[in-house]
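If you're matching them up, the sequences are chains A and B in order. For what it's worth, the working numbering labels the leading residue of the first sequence as 5, then goes sequentially. For what it's worth, the working numbering labels the leading residue of the second sequence as 5, then goes sequentially.
Hints listed in this document are in silico derivations from the structure and should not be mistaken for laboratory results. Here the structure is a predicted model, which is why all the values come from computation and not from measurement. One or more of the hints may lead you astray.
Just so you know, same-sequence chains aren't split out, so a pair can sit in one copy or run between any two.
Unchecked claim - Listed below are the simulated DSBU-like cross-link pairs for lysine-lysine, each with C-alpha atoms no more than 35 Å apart in a straight line:
| hint | residue 1 | residue 2 |
| --- | --- | --- |
| 1 | LYS267 | LYS212 |
| 2 | LYS267 | LYS159 |
| 3 | LYS149 | LYS159 |
| 4 | LYS117 | LYS267 |
| 5 | LYS267 | LYS279 |
| 6 | LYS149 | LYS212 |
Letter by letter, the chains look like this.
There are 2 protein chains.
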Amino acid sequence: MPEQSSTTSFVPGRCGVVGLGLMGGSFARAFRAAGREVFAWNRTRSTLELAEIETVTGELTDDVIGTCELIVLAGYPQSAIDWLREKADLIADGAIVIDTVGVKRVICETCDKISEGHGWTFVGCHPMAGTQYSGFAHSRATMFKGAPMVVIPPKMGDLERADLLERLKELLAPCQFGSFTLATAGVHDHVIAFTSQLAHVVSNAYVKSPTAREHHGFSAGSYRDLTRVAQLNATMWTELFLDNADNLSDELGSIIDSLQQYKDAIDEKDAPRLKELLAEGDRIKREVEGR
Amino acid sequence: MPEQSSTTSFVPGRCGVVGLGLMGGSFARAFRAAGREVFAWNRTRSTLELAEIETVTGELTDDVIGTCELIVLAGYPQSAIDWLREKADLIADGAIVIDTVGVKRVICETCDKISEGHGWTFVGCHPMAGTQYSGFAHSRATMFKGAPMVVIPPKMGDLERADLLERLKELLAPCQFGSFTLATAGVHDHVIAFTSQLAHVVSNAYVKSPTAREHHGFSAGSYRDLTRVAQLNATMWTELFLDNADNLSDELGSIIDSLQQYKDAIDEKDAPRLKELLAEGDRIKREVEGR
Numbered sequence: 005m006p007e008q009s010s011t012t013s014f015v016p017g018r019c020g021v022v023g024l025g026l027m028g029g030s031f032a033r034a035f036r037a038a039g040r041e042v043f044a045w046n047r048t049r050s051t052l053e054l055a056e057i058e059t060v061t062g063e064l065t066d067d068v069i070g071t072c073e074l075i076v077l078a079g080y081p082q083s084a085i086d087w088l089r090e091k092a093d094l095i096a097d098g099a100i101v102i103d104t105v106g107v108k109r110v111i112c113e114t115c116d117k118i119s120e121g122h123g124w125t126f127v128g129c130h131p132m133a134g135t136q137y138s139g140f141a142h143s144r145a146t147m148f149k150g151a152p153m154v155v156i157p158p159k160m161g162d163l164e165r166a167d168l169l170e171r172l173k174e175l176l177a178p179c180q181f182g183s184f185t186l187a188t189a190g191v192h193d194h195v196i197a198f199t200s201q202l203a204h205v206v207s208n209a210y211v212k213s214p215t216a217r218e219h220h221g222f223s224a225g226s227y228r229d230l231t232r233v234a235q236l237n238a239t240m241w242t243e244l245f246l247d248n249a250d251n252l253s254d255e256l257g258s259i260i261d262s263l264q265q266y267k268d269a270i271d272e273k274d275a276p277r278l279k280e281l282l283a284e285g286d287r288i289k290r291e292v293e294g295r
Numbered sequence: 005m006p007e008q009s010s011t012t013s014f015v016p017g018r019c020g021v022v023g024l025g026l027m028g029g030s031f032a033r034a035f036r037a038a039g040r041e042v043f044a045w046n047r048t049r050s051t052l053e054l055a056e057i058e059t060v061t062g063e064l065t066d067d068v069i070g071t072c073e074l075i076v077l078a079g080y081p082q083s084a085i086d087w088l089r090e091k092a093d094l095i096a097d098g099a100i101v102i103d104t105v106g107v108k109r110v111i112c113e114t115c116d117k118i119s120e121g122h123g124w125t126f127v128g129c130h131p132m133a134g135t136q137y138s139g140f141a142h143s144r145a146t147m148f149k150g151a152p153m154v155v156i157p158p159k160m161g162d163l164e165r166a167d168l169l170e171r172l173k174e175l176l177a178p179c180q181f182g183s184f185t186l187a188t189a190g191v192h193d194h195v196i197a198f199t200s201q202l203a204h205v206v207s208n209a210y211v212k213s214p215t216a217r218e219h220h221g222f223s224a225g226s227y228r229d230l231t232r233v234a235q236l237n238a239t240m241w242t243e244l245f246l247d248n249a250d251n252l253s254d255e256l257g258s259i260i261d262s263l264q265q266y267k268d269a270i271d272e273k274d275a276p277r278l279k280e281l282l283a284e285g286d287r288i289k290r291e292v293e294g295r
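Could you build the full structure based on these sequences and the hints that come with them?
Here you go:
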């Protein structure tokens, strides 16, 4: 028989969203579009008031926290951790708490520790979606439609984990994720340094060339694509990058070395070497895409 | 009174296309869709035969060359130059010859010289459009719709140049370019090293990371965008890069330096410095886009 708990039991399907930025706002809109009750907290009150007009059922006050079956921590890494530490005792037994943060080692380690001795479960999550714009104004109910969701399961037996995943999938059904990928926090952070973090650094570095200000009338799709995520939230990405410094530094070292090889071949007018470098990248890209 | 010429006079609006790859095929399709007569030459005969079924009026044989008002050199840089040198005497007085090559100094200098003493005019052109796929099979009539066209005018008086541009615009009307940008070959090559060539090198280098093969289920739009043009025609780009080696080497040096600055800040866990580097890129991107 389970141990008696002082926390209230949750209302099935009720969601709490902590932080109404691009991600939190999109979760809230998706839940609401599916008829779910959504209670939200946001540091900036005016955003919450705006959201309450059509998206959010009400404020995620301390007395509402214990009625949520799912809580989504959608703020910056440190603010997500701070909220969970402060509110840990108020969360209902059996509830699931997820985050949406782009790094997972520091988050999962800390939040798993916070969850110890409580009846709710923390599951690290990283929805692989977004735009170069931030804030509630750019959030939308269809943000996650078809996108991969990376899930970091807590440490527990395989069967229990499978049940938890099924429940989580059901709770997140309104988001219409295209796939759920299970990973360890370590694998996630290693891979994400390449697929997401490096893309943002490279794109941001790309526009630092003095030529960036002279290109009007000369740019096509390749420039647009390479620089789309140059526009970014510097505060948030600084925190994410430093929480994954080891992996991101490795990826940066790797691309700097690669770029230097092309530069050397070009400076030496070494056509066969340059062609082989380009053909190798072409080959890898085709292989990776399964073409 | 103009000097007597031995070349035949052209059929108004008749187009010749030299090389039926992605670019040449798209020009041919656009001309044909607008009801123009299109004669084409292609090294690989099977492609020409395929094109003759629905796109091309006939083969651009030596006796047809002199009947074309517009000739589009759509092959690789060296092959475009070779064709023009061999056929220079066959081209009609008053005809306009353009190329579509992605570098302009070497092309324009050589082709301007070839045109000396002839009654036709060479105009360097670079349509800022394309895809990561090459070949006639991927060409389409709408390839250039809305795209910028960069034009390198030949050396002549301003008024004459304006007339020429109007005639060229009319001849290219079926392509529906979004804008025509006039530039010198030097400015073109300087800017294109940044907007197009660097994008291809960076994208191609991006997938060289060992992590590239492990990312299934972890990638979102930023990775897709950064690596879209990693797949490329290595032979063609080698020639284009080496014809613009000075500019491209400068751009590569610039982005390598920039990337090293982020890496240093990350390795030193210098949050204020990293944030400033990111904010600077964000600022430039917004400025350049006029936001």
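Self-check item: 35 Å Cα threshold - placement of LYS267 relative to LYS117
Solution: between (48 Å within a copy, 31 Å between copies)
Quiz prompt | Intra- versus inter-subunit Cα pairing at 35 Å for LYS149 with LYS159 | solution = Classified as within: same-chain Cα gap 28 Å, cross-chain 55 Å, threshold 35 Å.
Quiz item: Taking 35 Å as the upper bound on the Cα-Cα distance, should LYS267 and LYS159 be classified as within, between, both, or neither?
Solution: between (47 Å within a copy, 33 Å between copies)
Self-check item: Intra- versus inter-subunit Cα pairing at 35 Å for LYS149 with LYS212
Solution: both (33 Å within a copy, 30 Å between copies)
Self-check item: Intra/inter-copy verdict for LYS267 and LYS212 if alpha-carbon distance must be at most 35 Å
Solution: For LYS267 and LYS212, both the intra-copy (18 Å) and inter-copy (15 Å) Cα distances are at most 35 Å.
Quiz item: When no copy is specified for LYS267 and LYS279, does a C-alpha distance of 35 Å or less occur within a copy, between copies, both, or neither?
Solution: Cα proximity of LYS267 and LYS279: in one copy and across copies (12 Å, 28 Å).
Taken one by one, the earlier hints all hold for this structure without exception.
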